[in-house]
Amino acid sequence: MTHTLHRQGSTESLEKDYVVFAMPSSGLNSQGSKPKLEKVFEILKRHNPVNIGDSKGGSRFSLGSDEAVREILVENELVHAVYRSREQVIKVLQDLKDEDLGLSVTVSGLMESVHECCHKVGLTPHTIVMSLGIWGRTDLLAEEKIQRVATMCGHGLVSYNLVRELAGQVKDGRLTARKAGEMLAKPCICGIFNPERAAELIEEIDS
Amino acid sequence: MFIDGDKCISCESCISWCPMGAIRMGEKTAVIDPQECVECNVCRRVEICPVDAFMQEPLEWPRSVRAIYSDPLNIHKETGLAGRGTEEIKTNDVTGRFRRGQVGVAIEVGRPGVGTKLKELEKLSMALARYGVEFEPKNPLTNLINTKTGQLPAEIREEKVLSAIIEVTVEEAKLLNVLALIKETAKGLETVISMDVACRAAEDGTWPCARILKEAGIFYRPNAKINVGLGKPYIG
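Chains A and B, in that order, are what the protein sequence lines are.
To convert, note that position 185 of the first sequence is 185 in my numbering; the numbers rise steadily by one, no gaps.
Basically my numbering = 1-based index in the second sequence + 1000.
No lab work stands behind these hints: they were computed from the structure.
C-beta: ideal position from N, C-alpha, C; glycine also.
Accuracy of the hints is not assured; some may be wrong.
The calculated label-pair distances, taken between Cβ atoms and stated as ranges, are [as the list claims (entries may be wrong)]:
(1) R1024(B) to E143(A): 33 to 41 Å
(2) A1216(B) to E38(A): 13 to 21 Å
(3) T176(A) to A1210(B): 46 to 54 Å
(4) K171(A) to S1064(B): 55 to 63 Å
(5) K171(A) to S1013(B): 17 to 25 Å
(6) T176(A) to P1137(B): 45 to 53 Å
Bound conformation, chain A alone (with noise of 0.2 Å):
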């Protein structure tokens, strides 16, 4: 617990910063999932997320293409999109719910925004996972403003020296803040990682 929790930053930032996700649950709703999961895909990509991808091939960023994405989706996964506003967030649910395709659908955000979305749409949030943050030996993690981009990726796999690498080069003029956000989001494999947010987040940092 779990790999879409624990983003860092202002409430302003993660104001734009939602990950919808799916999946069936293994035993005893995963057999016969996939055309359910093909049918998520297909609702959470009608609504422009900034990634998509499925815990068990890869990302837009990480393969390339969305198509690429669809293709490889199997029974029993996650299948994850990453979205920038509370409408976009609201037109997800209430497209999902309408569907009735009896999955586990779970939202990570602002708890007042997603609170917010789920009583727009009719829904009755169920459980939750809180972060209590970071313990232990603090000292060792890099300066916050690095783990706020680099968090993003909850498995750890967006390095926090490629961080400060591209953001160098922002710095210097030689790469975009749009092209490093999705530099960055090519390791993380699940496509829970927000390029857009990292473009913004990159451009604070002091290199």
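Assemble chain B onto chain A, guided by the hints.
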């Protein structure tokens, strides 16, 4: 993972991509420090090397444990899932795993971005076992832990991973005691831990774990992960 010295052209393109900083320039070519490499496969997967010099040797036990807890594309045979944890709250509307009155506690050792030797994780699992918690049986780590003593197999203690997750379930009334125990144990760690707690919504729609944390003055972030209740309950 290793770099084929005959292929490497010393362009240094790969160095910054390693999440553990395990790649450095040797005398003539880039090299990987096998102690620091966690076998996450990022260097090879992102295809940053222009001459395809990254080579994966077959991983044998106990080194294979590094890939199991570092490369999320590994599928755990216990759960059928990729990643490092379980379905936890993600399917709680279907499974009913977390019931009212219970709280899930997860300790992700090594996250974010520091990594850990598994002996650090064992310090926590032993402390929790002494306290008598219930380790989540479906967590891919639990089958390695002696759930009575919290000990790990000796041969894996020095193996380094990106992170690994201990998941336990406790009664609400014991949550603060368990968090205090974890906090005290964390003082002796040589790494970091990312902490989280999980609970089901109360009848009135509030979050009992949030109330307990707030009353105890324990920090929690404003962002969380919420199962929105669209799954259909499984009636076996």
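Evaluated hints:
1. Separation of R1024(B) from E143(A) is about 21 Å and departs from the stated range, judged on CB atoms against 33 to 41 Å.
2. Against the hinted window of 13 to 21 Å, the Cβ-Cβ separation of A1216(B) and E38(A) comes to about 45 Å, which falls outside the hint.
3. In this structure the hint that T176(A) and A1210(B) lie 46 to 54 Å apart at CB is violated, the actual value being about 40 Å.
4. In this structure the hint that K171(A) and S1064(B) lie 55 to 63 Å apart at CB is violated, the actual value being about 41 Å.
5. Separated by about 20 Å at the C-beta atoms, K171(A) and S1013(B) satisfy the suggested range of 17 to 25 Å.
6. The given range of 45 to 53 Å is respected by T176(A) and P1137(B), whose C-beta atoms sit roughly 48 Å from each other.
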